[in-house]
Amino acid sequence: MSKALEKVMDAVDIETFLICDNEEEGKKISLQMMKELGFKDASIVFIQHSGPGARVRVRGYVYKPGDRYNWLFEKNN
Amino acid sequence: MGFQKKKVLLAPLDPVHDIGLKMIKRGLDQAGHETILLPPDYSPEEIIKAAMDHNVDVILISRTLGYRVAEILGSFIDLAEASGLREKVKIGIGGMAIRPELAAELGFDAGFGPGTTVEEAVAFVEGREYVKESKGKNKIKKDMTEKYDYTFKNKTIEKLLSTIADGIIEYVKDKTTPGIERAKIREKMLEINDEAELLQLKKEYANLCDDIVKAYYTKGTLKEKTRQLSREELEALTTYLERLKNKMNPEYLQYTETNPIVFIQYGTGCPFMDIAHIKTCEAWGADGVVHFDPSWGARTEGFYEGYITHEEDGSIITYENLKIIKEALMPSSLWQVRAHRGLNTPETVLLAGKVGADLTKINIAYGSLGGGTDPERLTVDAVAAIKYAARFGMPFDVVTNEELCGVPAYKAFAGMLIVTMLGLKLGARPILQPLFCYSPEVMIGGQMSDNYVDFNAAKVMALRSILNAPIWCGAPIGFLTQTEDRVQSSLSTALHASLASSLGVDGISIASADEAYSGGPISAAARIDTLRATQAAFRFFGHTQIVPTKNSEVWASQIVEGIEKTLEAVVKNGNFVDALYKGLLGSREEGAYPGRAGRGTVKAYTFWG
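Chains as they are written, first to last, in the numbering used here: chain A, 1 to 77; chain B, 1 to 609.
Check before you lean on any hint, since a few could be wrong.
Stretch-level coverage of chain B by chain A, calculated; a stretch enters the list once three of its residues show a Cβ under 8 Å from a Cβ in chain A [what the hints assert, rightly or not]:
1) 45-53
2) 307-318
What follows is a list of derived Cβ distance ranges for each label pair [stated by the list, open to error]:
3) Thr117/B <-> Phe73/A: 35 to 41 Å
4) Glu553/B <-> Leu5/A: 51 to 57 Å
5) Val131/B <-> Phe73/A: 50 to 56 Å
6) Leu5/A <-> Ser230/B: 48 to 54 Å
7) Lys132/B <-> Glu25/A: 46 to 52 Å
8) Leu5/A <-> Asn246/B: 42 to 48 Å
9) Leu5/A <-> Leu241/B: 30 to 36 Å
10) Leu190/B <-> Gln32/A: 49 to 55 Å
11) Arg596/B <-> Leu5/A: 42 to 48 Å
12) Leu5/A <-> Gln4/B: 31 to 37 Å
13) Ala104/B <-> Glu24/A: 46 to 52 Å
14) Ile444/B <-> Leu5/A: 43 to 49 Å
Read the hints as simulated data drawn from the structure, not as lab findings. Because the structure is a prediction, the values reported are computed rather than measured. Even for Gly, the Cβ is constructed at its ideal location relative to N, Cα and C.
For reference, chain A alone in the conformation it holds in the complex (with noise of 0.2 Å):
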């Protein structure tokens, strides 16, 4: 995990406008950016198509409850 996403407290949302034909389409593609992104963890929050595309709302979980959470053994938080 890299230095900045052990900061995150749980979770990274990316919120963004996919091109697509329709949401079967926008849920792989969501799927797809995060594992490129490097989330091994993630999830659609929300989707909805309409017209040239797909609103999302993807999530990566960095810790879940009862992981060990890095932030909270960082001296400097």
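Given chain A, put chain B in place with the hints provided.
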């Protein structure tokens, strides 16, 4: 004026915009400084000339438009230097197009970006450090119940409730349950120091628990996906909180004195993540926090001990878990530990009281018709729990979540009012908790086909016409109106918050922008979204009222009428517990099913001595 009077030139280096400078001019004038405001669209040369002609001490430039901003400001500073003005005069720049880093890079003495206050600019002129005033730092803990005397305006309903509540007290007086007995043992366990005696009590406690909890006391094992937090983690938490203490400068959500107290709900599964979320919400202005326990915990006899985390929704109730959460709270934060359903209701209220919670949550009707607990069991347990709430001086809300199952509001309110009357008779301070939700009742009945205002308003109006008691809308407000879209979700929450405020209620519980998302844990950022939206809505409406249509009055009358008829039916039936089984407070057809957890566990008091 505590500072030397300054002569200040205010100049919009912009073709049109100068509203910010006008506001600052007023602040400087009020502070006793001499100001000269130039009109928009002056060139840098003209501004420099004006500054020299007036022999000013400070120049404040504003720039709203972003195009060529660096170039224009750079040339202004060059001119100021060339003219010899730069050495004698302090120059600040502000406006929508300005970032402090840019101002510093170009050589300005200060840069004020969007959101700069007039006070900040005045402090710059006076050469003193700006200290942001934080209303949040002076927050005080509020008691929602203090201004209410619980006088009944509707005497017919009062009489019916009194009969039912007396019947409940009579019904439970010679009965006990494993939940009540465990609470008694737990209290002894918390008070004694003798190891041998403690061991004996633990054995007695374990014997009253389900196997999954008994295994902890006999073998030290926990259920799957559950673990004790390590010493290293606990130490790290202490350090984290110690450092955080100095960084807390909380926001203040309320804009008027009539805006309600705002609660958030937490229960990530991990007390550390809960604390991290709570501190974030406190910083962003939440006034109170509500502890959510796991649903399996409510259907399991007995509590674990220790600092425990697990990987599912809802945070496990133990004395230790509650204690670390309590210790992390700001002194002004209200803290509620829910005990409205489940098999550990008395012990939950006992632990909440022992640890120092401010509020709890108890409702027999919801817990037994929508929460899965046997009606008789919860009735007996709830009376014991209410007695603990009274003993610890903890007001409790009576939530009406059975509405979400499909029970009509009037029936849910009848159940709520019964528990309210029971609470009053037992010396506690109940709080009414009507739901602000898009319930099955209104989906079918169409009361919200035009707007979300009227029926929610009708609920509050109906309750107000019955008795003088605090109202805390929940839980969360806007339930089933929010989608996974964070903007829609936050807006819906904020609008419901504004409606609640307009109706003059005392408290609200708000969701995060993740309310409708069920694919994973709620994120801290999603909590901030709705807090910020609520704050903005309070600012937008101020003292303005939202005016419901006449429908609200009609529906309020119907709700009161329905409550009365329901209570009459319960009185006629003669036994409250039996009325719950029979569906008088919510039937199977309406989606209310008497719970089965704990069925057959109520015993005559002599059973346990």
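(request) Just pull the numbers of the violated hints for me, sorted ascending. (result) 1, 5, 6, 8, 9, 12
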